[in-house]
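J.: Sequence:
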Amino acid sequence: MAYYPERRSLRRRLKPYFTVFDWPLAMILFMLVTTSMITMSSAGAEFPGRVESQMRNFILAFVVMWVASLIPPQTLMRLAVPIYTFGITLLIAVAMFGIIKKGARRWLHLGIDIQPSEIMKIATPLMIAWYFQQRAKVTEWKSFLVAAVLLLIPFVLIAKQPDLGTALLVGASGFYVIFLAGLPWKVLFGLAVAAAASMPVAWSMLHDYQRERVMTLIDPTSDPLGKGFHIIQSVIAIGSGGIMGKGFTQGTQGQLEFVPEQTTDFVFSVYSEEFGLVGNLFLLVIYLLLIGRGAMIAANAPNMFSRLLAGAITMIFFTYAFVNMGMVSGILPVVGVPLPFMSYGGTAFITLGLGAGILMSIQRHRKLVQT
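Sequential numbering of the sequence shown, starting at 1, is according to the working numbering.
Since no wrong hints were added, every one of them can be taken at face value.
Straight line, CA to CA, 25 Å or less: simulated DSS-like cross-link-like pairs of lysine-lysine:
{"id": "1", "residue 1": "K186", "residue 2": "K142"}
{"id": "2", "residue 1": "K227", "residue 2": "K101"}
{"id": "3", "residue 1": "K160", "residue 2": "K227"}
{"id": "4", "residue 1": "K101", "residue 2": "K160"}
Derived CB-CB ranges, DEER-like:
{"id": "5", "residue 1": "L152", "residue 2": "S240", "range": "40 to 46 Å"}
{"id": "6", "residue 1": "W23", "residue 2": "T347", "range": "24 to 30 Å"}
{"id": "7", "residue 1": "F30", "residue 2": "E140", "range": "39 to 45 Å"}
{"id": "8", "residue 1": "P72", "residue 2": "G49", "range": "36 to 42 Å"}
{"id": "9", "residue 1": "A197", "residue 2": "W23", "range": "44 to 50 Å"}
{"id": "10", "residue 1": "F229", "residue 2": "P72", "range": "45 to 51 Å"}
Worth flagging that the hints you see were computed from the coordinates, not collected in a lab. A virtual CB, placed ideally from N, CA and C, is assigned to each residue, including glycine.
Could you put together the complete structure from these sequences and hints?
T.: Structure (structure tokens):
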């Protein structure tokens, strides 16, 4: 008698592709996206099509996250070197014949204008995590030196565009991997002392607009209608929200467009004015849950590569949130860092969605290994 294998239903065949999500992480991201859309409905009211465009960004980020969650960490290890090499090649191409916008050479035209530095936010920690995985049994000071070189190459190329904000984010993402790989505290202390001693040299190497941002942070009232306008209006908006906020679409600073870049870098100001301290605490709790879930995934990862990569991505989320909130609150210089999963923007959402998808892939792989 001939044997005919049982045909699986379409639902059973598709099920594995939709069970890749880490549902605690997915629910946290859903809360952030919902909060973002509510805020964008108010902050983007005077920008036709901004809300619809943000929804398209969310959908694109979801697709990227879903695809990334399907890729096993072993495959990511094999892709680490090609992706890093491709990103460095694009950065060199930008330096040679990139497009100049607003005085900076950051974009490359490949049918559409792309910003290769965004690739390095994931490619750099991916490459360094791969390197430490290869040397898991022989980690020594030479390993940390090579990792530092792998980090410095994209950092220098991006800083020279100039794009110090993105360079610092890329540098932070790579540094987190090196630190989590076991960088000795003595070395870390020595680096801190060296960085402090080199501040005068670093100051002389900054561009004029970068020095102005630092001076504006120290005293924004020195140029209240110019360089200090952003910070002053942002702080006014945050403070005027009080405990409970002024209410949805009732903020004066945001609705009257005193807050600059109110849908992108300074969206937190609009949110704070309308939802107050209570809303801020709610948002902080969501970010703490996001960071906590990422830390749990990293702690339970099955190998060094997965642990380092998950830990670095989690710290990237923390850095985005900390720097943005500090920036709009007037305690950090304005460096153009978006609030993760809240600010308007397509490229940043793709990067963040990719990072979230990698976390989900690592968590799913852990479950498969255990079973």
